[in-house]
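A.B. asks: Protein chains in written order, with the numbering used here: chain A, 2 to 120; chain B, 35 to 343.
If you're looking for bench data, these hints aren't it; they were derived computationally from the structure. One thing to keep in mind: the hints can contain errors.
List of simulated lysine-lysine pairs, PhoX-like, C-alpha gap at most 25 Å [stated by the list, open to error]: (1) B/Lys61 with B/Lys94; (2) B/Lys312 with A/Lys39; (3) A/Lys36 with B/Lys94; (4) B/Lys281 with B/Lys312; (5) B/Lys61 with A/Lys36.
Chain by chain, the residues:
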Amino acid sequence: MPRPSRITGPLLDVSECLLRAREQGGAVHGWTLMKQTKRSGPTVYGVLDRLEDCGWIAGHWEELGPEESRPRRRFYRMTPEGEAGVRVLLEQRRPQVLRNLRNRSPGGVVPGLAPGGAL
Amino acid sequence: MWTAILSVLLGLAVNECCEVSPWAAKKIARWSARLRYDDPERAEIRSEELVALIEDRPGKLLKLITALCFAAAALRAWTRRTVAGLYAAIPAVSGDGTIALKKAAIVAAAGTVAFTAALTVETAITRVTAAPPPPPTFSSGGSNSLNYHSVAFVAADGTLTGGAFPEQYASDPNVHVAGLNTPPATASIVIPDVPAAGTYTLSIWYENNLANDGLTEPRDMSLLVNGQFAGPLNFPVTNDWYETNSKVTTTAVQLPSGSSTLAIACHTDDSCHINVWKIELRGADVPRRGPRPAAPPRPSRPVTWPVSL
Chain A
2 MPRPSRITGP LLDVSECLLR AREQGGAVHG WTLMKQTKRS GPTVYGVLDR
52 LEDCGWIAGH WEELGPEESR PRRRFYRMTP EGEAGVRVLL EQRRPQVLRN
102 LRNRSPGGVV PGLAPGGAL
Chain B
35 MWTAILSVLL GLAVNECCEV SPWAAKKIAR WSARLRYDDP ERAEIRSEEL
85 VALIEDRPGK LLKLITALCF AAAALRAWTR RTVAGLYAAI PAVSGDGTIA
135 LKKAAIVAAA GTVAFTAALT VETAITRVTA APPPPPTFSS GGSNSLNYHS
185 VAFVAADGTL TGGAFPEQYA SDPNVHVAGL NTPPATASIV IPDVPAAGTY
235 TLSIWYENNL ANDGLTEPRD MSLLVNGQFA GPLNFPVTND WYETNSKVTT
285 TAVQLPSGSS TLAIACHTDD SCHINVWKIE LRGADVPRRG PRPAAPPRPS
335 RPVTWPVSL
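Required output: the full structure, derived from the provided sequences and hints.
C.D. replies: Written as structure tokens, this is what we have:
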């Protein structure tokens with residue numbers, strides 16, 4: 002399984018958010034990731050590039066209604082390979098995060114999830 | 035009078051800037067995406083995506099600031115690519131040992147004033163004569179024995195097989211070897227110039243904490259010298275997986291003279307699951323050319339009794 006070339010703090014932060022979103026059955030867009038990780042835009046998008054390059058995440062455009070004229074957002078969800086890889090990474094580096102995810106009661110909502118949730 | 039006019043004009047200008055900011059931010063975001071990415075498809079995707087992100091960002095001036103951050107990052111990426119292109123175009127080492135100052139160009143490209151630095155570096159690349167860096171060797175001292183200094187290797191620079199891979203921790207400039215979890219994962223290094231056969235001290239900087247088998251416990255691995263099992267390696271638990279928590283495990287190893295390959299291997303009987311950072315080999319008191327030959331017996335002088343003085 003390919004892995005990101007460098008494992009950094011921002012990569013772990015972004016991966017953590019994406020994993021949370023996946024557990025909620027949804028996807029997140031760039032602005033949500035920036036807010037949740039408190040990282041700058043270029044940093045977050047640099048991480049998304051690396052995760053996309055190794056097939057850990059997949060992006061899709063949101064569908065806008067005919068009356069909506071704003072630019073489309075792009076949502077990202079973690080692939081099954083990405084989830085497996087991120088879990089290994091977090092087990093090594095941030096085991097507390099995984100424990101919190103396991104203990105979390107189902108039904109919580111991640112802000113910024115794609116409309117409709119499941120992809 | 036003039037003060038009042040200036041105040042009004044300034045107010046209008048500020049108001050206009052605030053109104054223009056979102057429009058300018060979107061333009062800058064699109065330009066940044068196209069500058070940052072080589073791949074036109076990804077550039078187009080990111081271009082639209084960043085415009086949507088700017089739209090989501092609250093605050094007119096904040097939109098502009100966010101776009102400028104993207105522009106600065108794109109400029110750095112573009113400069114890095116440009117200088118790397120220059121770097122690749124220059125031959126690495128000429129026959130007489132002359133090397134180009136390529137590293138300086140790359141380092142300059144990483145700077146924040148990358149745009150102008152790229153142009154400066156392009157004209158500033160010169161050639162200097164320098165000897166190629168010497169390979170790591172042992173140095174000797176002492177009269178009856180060779181007191182070798184240490185020779186150190188970053189494990190990730192060695193040969194990684196069987197699932198071992200280089201990995202970099204957050205905020206840690208050093209690359210570690212990870213994936214030494216299951217057989218036959220192995221990290222090998224070649225010691226190129228062992229001057230004499232003998233016993234050496236091998237030190238391994240490693241990390242061992244909660245592993246993906248769910249255990250936090252002392253681990254063991256196998257040491258191979260030139261493919262032959264040379265003894266177990268023991269790795270007590272460290273505080274974390276980060277370099278600042280590395281510990282050193284030390285063992286004695288017998289090496290022949292000349293080149294040898296040392297391998298830290300995960301065998302079926304080993305518990306494995308460690309990360310390795312640095313490997314150091316330190317010489318002990320090793321005989322210069324084998325054991326010193328025994329002194330020949332002194333010729334005995336005939337003694338006659340009684341001794342007459």
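A.B. asks: Each of the hints needs a verdict: does it hold here or not?
C.D. replies: Hint by hint, here is what the structure shows:
| no. | hint | in the structure |
| --- | --- | --- |
| 1 | B/Lys61 with B/Lys94 | 14 Å, holds |
| 2 | B/Lys312 with A/Lys39 | 34 Å, violated |
| 3 | A/Lys36 with B/Lys94 | 17 Å, holds |
| 4 | B/Lys281 with B/Lys312 | 10 Å, holds |
| 5 | B/Lys61 with A/Lys36 | 23 Å, holds |
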